[in-house]
Every structure is written in structure tokens, then in C-alpha cells.
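Let chain P serve as the given structure and place chain W on it in line with the hints.
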Amino acid sequence: MTPMFENLQLATDDLPRIETIEWQRMAPKYVYRRLAGALLTLLFIAVGMGVAHALLSIAAQGGESDVSFGWLWLGFAMLALLLIAWPFISVPRMFYAVRQRDIVFRHGVMWHAVTAAPFNRIQHVEKSSTPLDRKFQVASLQLYTAGGSSSDLRIHGLPAKTAEKLRMFILDKIGGSIEQD
Amino acid sequence: MNKTENKRWQRTSPFAVIYYLGRILKGIAKNAVQSLAPLAAAVVAFEGDLKTRIGYAVAVLVSVVLAAALARYWFFRFRIGANAVLIREGVFRKTQTDIKFDRIQAINTQQNIIFRYLNLVTVTFDTAGSSGDEGRLPAVSLALAASLKERIRRERPVLLEEHEETSAPARTLLSLGTGDLIRIGLSDSRALFLLLLIGPVAERLEESVGDFIDSSSIFSSFRDLDISLWGAIGLIIGAIITLLLILLLASVLAAVLRYYRFTLTIDNDVLRSQGGLLTRHEHAVNIGKVQTLAAAQSPPLRLMRRFRLQARQASSGKASRSSKFIVPLTESAELGVISSEIFGEEFPQPDLHPASSRFQRIDSRYVRSRTVAFGVVPATIFTTLLLYPLGWYALLALLWIPLTVLFSILLYRRYGYYFDDNGLVMRNGFLGVRVIAFLHRKVQRVSIVQSVMQKRRGLANLKFYLASGSVQLPYVSLELASQLRDFVLYRIESSQRPWH
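Heads up: the protein sequence lines correspond to chains P and W, in order. Going by this note's numbering, the letters in the first sequence line up with residues 1 to 181, in that order. Going by this note's numbering, the letters in the second sequence line up with residues 1 to 500, in that order.
Extracted from the complex, chain P is given alone in its bound form (with noise of 0.2 angstroms):
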């Protein structure tokens, strides 16, 4: 027998483009899950250089501080206007879509970059959320395939719900057991 070998031509406009997809955005309640997450570290920054201005200021009172917070303080408002504004301007720009046989991800503000995982290709599909994003019901996603850690593909955001949904969709499209949480 003569190996089997296909070679089938193919009208690459009929192909299913990613460009015609409805995209959907990540959950309404993701831009206050990562606002809270940069008003903690915020805080955690501003408690840090708070106690080590006092510090040198103590250590200094016999004469004048070599270090100039006026300057430190003037570079931490401006991180901390753009920790809060980047989630306003970074979430809406963040979309997911499920097709048939791949989930597409779509994200970035200076770089635009859109991923399709295949199905097929997925090894394993975990779901995880932080203590922050239960609070905001949103979860991860974080689906594996072969390649290390730069193959995977995490898609943040998602409404906890969704998050779970998908998850069970996935496995069963790789045909893996599925545990209800």
C-alpha cells in the first residue's frame, strides 16, 4: 500500500478568519480588581519610603539628610497616576472569544498582540484566583501546552462564572476528567 498523503487544495479566503469573530470583554468588575491591586501596592510602596523618610529624618536631626524625598515623593505620585489610569486604559483593550476548535485572546496597549490556542494542542487547564480577585468574582485561566512555560497561554480577568465554564468546556474538548468545583 502506498502511504497516505494529502495534499488537498485550499481557497485560503474560505478559511474562518479571527478578524470576524465577536469579541467578548473580560469582566466589568476587572478594571476595579486591578485598580485595588495597584492602590495596594501603592500603599505598600508609600508605608516603605513613609518609614524611611521618618528614619533618616531622625538619624539626620543633628544635621541635613543627604537624600531628597521631595523628589522620591514627586516620582511616586507620578507611578501612581499611571497605576491607576492603566487599568482604565488596558482592560477595555483586553477581548476573549471561543470558537468551535481554539479559544483567541486579545490584549496590549503599546504592543497589540492576538493568540489562538487550539484545542487540540491543550494539555491541561487550570483555573485559579487570588483572594483580590474573589473578592471582584473574576478568575484566571491558564491553559497548557507543550513548549515550557513560554507556550502557555493566561487569560486574565474573566468573570469567576465564565472562568469556570470554560474550564469545563476546554477539558471536555481535550477529553480530560472534569472535577466540579
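Simulated from the structure, these hints should not be mistaken for laboratory data. Only a predicted model underlies this, so the values are computations on that prediction, with no experimental measurement involved. Cβ atoms here follow ideal geometry from the backbone N, Cα and C, with glycine treated the same way. Zero decoy hints are in this set.
If you only want the chain P side, here are some residues facing chain W, beta carbon under 8 angstroms, derived:
#1 16
#2 18
#3 115
#4 121
#5 146
The calculated DSSO-like cross-link candidates involving lysine-lysine, where the alpha carbons are at most 27 angstroms apart (straight line), are:
#6 W:30 with W:51
#7 W:26 with W:94
#8 P:173 with W:100
#9 P:127 with P:165
#10 P:127 with W:463
#11 P:135 with P:161
#12 W:463 with P:173
#13 W:30 with W:324
#14 P:165 with P:135
Far from chain W, by Cβ distances over 12 angstroms, these chain P residues were calculated:
#15 53
#16 128
#17 160
What follows is chain W alone, placed relative to chain P:
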């Protein structure tokens, strides 16, 4: 029951102690400071004659290493089960490893000079997606290794084209001779790297050597010997050339040790390489499991018109020696033969020669964009920052811009790609050149990435994630990138063949 199957736990040959001694000594050499620090501390701390103390220290070290090797042999057991190899090992930390036969990609063997006389071999199991070797059986009989290989061959899933019960005899695709070994040694990039390091220094040598000679007491003695400035420069250049020659000789020696009598054979669907002077290495790869095939030419290899081939299997992302199958030297004609064997009729005759006329260029705006990002922006920032402390000298930082233009043009000219319905071939490089080929259906996921500027100009980077790493095709039109992505997705989702 299968021939290899054995329900009892068994030990390997007592000669495995030699293997463990080698591993322990290698470990000590790798972490010399940490490993020998306690012993050095003891030598310093104890009183008495230094020679006696060093003697005791060496005796302790030898005893500990011997005891460790014996213990590791003693606690190593293995069992060939119905569908897996089970390994129990460890002196203090006990581990049990179950290696399922269907996960084993290939069985590799190593045979050092002692094992060769004893007909023993060290077997390494190469499994899909593991960061390194998952299991080893040191010092087992050649018969056991052969039966394990046969077992793995039979465990492989039956592919569509394997319905026929044909068993073609093994064919030799490539054999390396003495001249080839010298070429491999000469093309070693480490010697070239040293040459590159010395290059810019050598230019400044002429100026600084005079000052150095004046201040150096060593050279003052040469002055007494009435050696001129040019004589001293000649002496230094002579020393550098000698160093380079020694380095090149070491590279050639290393090539002889690793690739002596190197042969590449194909046995049904398994590519197998064998070679080595003292330790004979046998590395095998199942053709179906190859994810990418790359032909690379470093500058010395370009001069010699030879290539280095690398077939990569699935890896966990970490650089793993076992996931790479290397053919150290091929000629242009052999390149075509090997790539045809690997891709078969699925991707007929992918031309991996960098000069192939099939390559198309990426968009020329790559040069401008790269120059702005890596040249104009950093040079302007540096000039502005340095203007106050350095004055007009800060403008010298702007020289970085023409250099970036030059580098960008070099990179742009190296980039090339072509594809058909089955696979894609991409060429890139800077001083050297690398051509990588893969089948569309082997891709794990695919991304299109655009910067703000690329978006404005309708350009995009297309990134393919494979089980062996990622391949990025930069600066192609968004239309082409989208079409290719959709087609690759179609191929992945419609292919019934296993990707590994």
C-alpha cells in the same frame, strides 16, 4: 510475558560504581568552591604539618567519594514492568520514578572506554516535555539496552503510513572523516569568540603597550635585554597567536573525542547518530517527534560551506541536551537528504540552504523601526544626559545611530521566509545564519503582535509557539500574517496525525 519484562527489582552491574564516580567527580568540579570549601576549612583549622593535613584531606575526599559512589550503586534498583520502567534510587532522599513506555521519545546510550570492554552501556530515557533526562540505567548489558529499544519501537503509535509491515534495513546518511572533525574543531565558536574579544583590544594595544612597558617591572627586565618596543609588541602578538592555536587545538581535540567515527543512520523512522573516541555516544530521535529542523552556519562554517544541523523535540522550555539531536557537520547535498528524510512527503524537499531563491524578504521598514528603537531613541537620551557633564563630547554617543543602521541592515538582509501548504521555512542571523523549518501542524499556538507603528502601517510580527520553542517572523504585512495564522490554525485543527 515480554522478553524485557521482569517482575523483580534488580541491580545494575557493580561497574556502575565507575559511572557514579564520574558523576560525583563532575559534580565536584562544577561546584568546586562549595564542594571543597569544608575540606579547605578543615585543612586550615587543624594544626600540624601542612603536607600531612593535605594528605588527610585528600584521603577523606577519596573515601567520601568512593563511599558515595558505592552507596548510590547499592541503593539503585530498577524493574522493567508491563508498560513502564520503574527506578528506585537515592541514599537519603529516596525517589521512585515511573517512566511509561508510551512517553519515551527515544533511548540514548553512552559507552565509556571501560564499559566498551565489559559490553555494558548507560541507557538514558528521553521523555516528551521533560526538562532533562528523566531516568538513567547505568552499566546495564548491551542485550538489555537493545531489547528496550526494540520495546520502545513497538510501543510507538501506529501512524497512517505505517500500516505496511515493512522493515527497511538501516541506511547510513552521513559519515564524518578526519577532515570533517578538524573542520568541526575549527568552527568552534569559543575560539572565534576569543578572537572577537581580542580584536578590538589588539587595536588599542599599540598605544597602551608603550605606557605599560615603561611602568612594568617585568618589561624593564626585557629592556635590559635590549628588546625594542616593536619586539615587545611582536612578543605579545606571538603569545596571543599561541593561545589561539592552543584553543583551536583543544577544540579539534574535543571534536575528535565527541565525534570520532560519527555516523548518522536512519532505521525505519528513527534517526540515530553514533560517535565518540573514548565514550561512544548513541543518540536517537523518532522522526515523527521532531518539532523543528535548523541548519546553522557560523562565520567559519560559511567559509567552509558546511552546516550544523539541529533537530529539536518537545522540551519543557529549559535548554535540554536530550531534546536536541545534533549533526555537527553536513554538506549542502546532505542537508537536502536529511531534511527530506525528516519531513518526508509531508513537506517535500524543504530547501534549507540559506542562499535558496525561494526566500522572500520581510518588509524593509524593519530597518527604520529598529534604528529608531535601538539607535535614535537611546542615543538621543544618552546625549542629552551626558551633555552637561561631558559637554560636546556627549555628541559622540550619536555615533551609535549609524552603527545601529548597519546592524539593522545586516539583520534585515538575513531575514527571509517561504511557506507552502505544509510547512514554513525561516532564515535569520547576524554574523552567522540559521534556517529553521517546521510543519504547520506541529504548532502549539500562534500569535500576531503589532506595535503602534506597525499597526499604522499594516505590518505585524507572526509568532509560532512550538513544543521545542518559538519562531518569530517579524515585519510581514498584516494581511499575510492573518492569512497564514488562519491557515496554520486550520492545519492544526484538521490534522489527524499526532504532533509528537
